[in-house]
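Undergrad: The chain contents come next:
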Amino acid sequence: MDIKTLAQKIDSDKKLVSGHRTCAGCAIPIIVRTILSATDNFLVAANSTGCMEVTTTIYPYTSWNIPWIHNAFENVAATLSGIEGAFKALRKKGKIDKEIKFVAFGGDGGLYDIGLQSLSGALERGHNCLYVCYNNEAYQNTGGQRSSGTSKGSITTTTPKGKKEARKDLMRIVLAHHIDYAAQAAVHNILDLYQKAEKAFNAKGPSFLNVLSPCTLNWGFMPNSTIKISKLAADTCFWPLYEVEKGKYKLNYNPFKKLPLEEFFKLQKRFSYLLKPENKNFLNEIQNEVDDNWEELLKKSG
Amino acid sequence: MKNLNKNKYQALIGGHAAAEAMRQINPEVVAAYPITPQTPIIEKFAEFAADKKVDTEFICAESEHSALSATVGASAAGVRAMTATSSQGLALMNEILSVASGLRLPIVMPMVNRALSAPINIHCDHSDSMSARDLGWIQIFCETAQEVYEYTFFALKLAEKVLLPAMVMQDGFSTSHNVEPVKIYPDKIIKKFIGQYKPKYSLLDIKKPITVGPLVLPDYYFEIKYQEIEAMEEARKVYLETGKELKKITGNNYPYFEKYKLDDAEAAIVVSSSSAGTAKAVIDKLRKEGKKVGLLKPILFRPFPQKEIRESLKNLKIIAVLDRSVSFGGEAPLFSEIKNSLYPLDKKPLLQSYVFGLGGRDLFEQEVEEVFEELLKNKTGQVKYIGLRK
Ligand SMILES: Cc1ncc(C[n+]2csc(CCOP(=O)(O)OP(=O)(O)O)c2C)c(N)n1
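Chains as they are written, first to last, in the numbering used here: chain B, 3 to 304; chain D, 8 to 397.
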């Protein structure tokens, strides 16, 4: 599929429609609509507490044209597993004959941190569900506090001098559950995201997508730069695009010219302090880690 | 008269009595996590599921929080969904208890009462379910395995009519692990009693997509909560109607509370669950000695039947309320309900609060007898702790 056809397809997909109240420049709706358009089957969606949930459903309005549920912050995976269980039971009884796909959306807080156990339990039990992390690298809904998905160096409201710890590698944790498909994607490359969502929906058993979702408000960049920021994340190898199918790693994007992190950092308030001369060592430390991770990924994907 | 021979008696522990009711309900989804003394319920049910005696999707969740969360998901997906727990498990579910009631999902949860940590303890008291009394769940306390069995499908019917979740309590070990003869009614009859489940809304009704659990701000939240208040009020009425219907099958009564030799009594004990059995034995003994003593055993705790309890207690001289839990820094939960119920009376009976049985400490007949002896002296005072070493 070319990008124009895909754009039309996403545009004509009315599962999540306009009128929601995400910030101008928010990546979430683009990510969600791209993923939702990647299956022609009926869909049921679940959401953990966070930006996506609060902006798409303020009662008595809803932006959702498909069945959608929010239960609490840490239990989106468990909630969806109950729905999928209900579906299985009804299908066994012959009360449903259609195929239905199930998708859970959670922020990095909802899946890396407080909901990690729920996610792990659901992955291990093997429900036929797609779990998506829209990863904006912090608890943005509550004002941008750090999560274990926040990357090293990032200023958040609870790490005012910059986070000292490296972010958790959720992909590896998820893959330790022996699932058939997991991938990392980002909002600037919707063709890649779409193809990954398609594969994820068609995978046998659980699948997982970790999608970088730049946050204009708390990363501190202009609302018209979301796509540019996301692309720089890939071009600096800060956020590599790759997938793991049945244990086999595949790199989906290898920048023609790998850019230094400064190019990505200088456009965001959360990182720009790292460009000051006195922070050179810390910046180098982060650059080295990004380089090491990239080399490791190159090796893994052959 | 009913032909009792048609009904089978089975020797069942309380836990298996709950599981047997669940088998007859045959819910589409059960999601659970093990905790003593709830384990006999879910182990028995797992057997039913493995032997295909039920059509249930049995989800072995990785925690009680997830167990109830999955149950909420399943219930919102328009099917009958159940879970069961005790103590720390209920505490871990706490956050989702008010989600289940707030979303108006008729989930039924067998609850085996066990003390809350710390110190950790596996034995019975009611601190677990009392900590959940304000979260919008119907709460029913059972004395025997027979009651556990019957009130489980009773609660399902009630819950589905008023769209509120319900927990059906039994005492840890003394009920959950003790064998009693339980009269089991034929599957067909129970199936007919509970009927087909026809949810108004379902997440799996893909032609009619619904949004469940949206953000609700101050402009609507209060009204939505008020509907929940009304549903709980409605549950009082529906409870009695459901009881009348079930009586046609079992011949038993399903009152808000049981009165035992209460009508002409001068002194009475109020105590729920298995300890009521101990009280009854003592009352029989004292009655033989000509003492006018009786018992009120609360069954329905939420909604609390204040008016009816007031009517039943108003002519007593003195009442002792025996609580198997405390409210630190406040009056014990059952005592406080009874006291509130009596408030409108001009001439109020005297009231004495007792706390007993925390962490599974036994309540002996001798101790209950002493409570009555104290009552018959017509004097009340500070809260007393039965069987406590000081
Ligand atoms: C049990 C619980 N703890 C804390 C909160 C407060 N809270 C709501 S949303 C949120 C952060 C969500 O972060 P994330 O999952 O990253 O999603 P985002 O807001 O970035 O979309 C927090 C901390 C809550 N709702 N529930």
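Worth flagging that the hints you see were computed from the coordinates, not collected in a lab.
Note that CB positions come from ideal geometry on N, CA and C, so glycine has one too.
Watch out, some of these pointers could steer you wrong.
[To be verified] No more than 27 angstroms apart at the CA atoms, straight line, and that leaves these computed lysine-lysine pairs for DSS-like:
| no. | chain 1 | residue 1 | chain 2 | residue 2 |
| --- | --- | --- | --- | --- |
| 1 | D | 321 | B | 90 |
| 2 | B | 90 | D | 384 |
| 3 | D | 59 | D | 251 |
| 4 | D | 199 | B | 94 |
| 5 | B | 94 | D | 355 |
| 6 | B | 94 | D | 391 |
| 7 | D | 205 | B | 94 |
| 8 | D | 214 | B | 97 |
| 9 | B | 97 | D | 232 |
[Unchecked claim] Derived list of chain D stretches under chain B, where covered just means 3 residues or more per stretch with a C-beta under 8 angstroms from a C-beta of chain B:
| no. | stretch |
| --- | --- |
| 10 | 85–91 |
| 11 | 169–179 |
Undergrad: Run every hint past the structure and note whether it holds.
TA: Status of each hint after checking the structure:
1. D:321 / B:90: Outside the cut-off at roughly 54 angstroms; violated.
2. B:90 / D:384: Violated, at roughly 64 angstroms.
3. D:59 / D:251: 33 angstroms, violated
4. D:199 / B:94: Roughly 22 angstroms separates the two Cα atoms, so the pair holds.
5. B:94 / D:355: Violated. Residue 94 (chain B) to residue 355 (chain D) sits at ~59 angstroms, over the 27 angstroms cutoff.
6. B:94 / D:391: Roughly 56 angstroms separates the two Cα atoms, so the pair is violated.
7. D:205 / B:94: Within the cut-off at roughly 18 angstroms; holds.
8. D:214 / B:97: Measuring from Cα to Cα gives roughly 15 angstroms; hence the hint holds.
9. B:97 / D:232: Between residue 97 (chain B) and residue 232 (chain D) the Cα gap is close to 33 angstroms, so the pair fails against 27 angstroms, i.e. violated.
10. 85–91: holds (count 3)
11. 169–179: violated (count 0)
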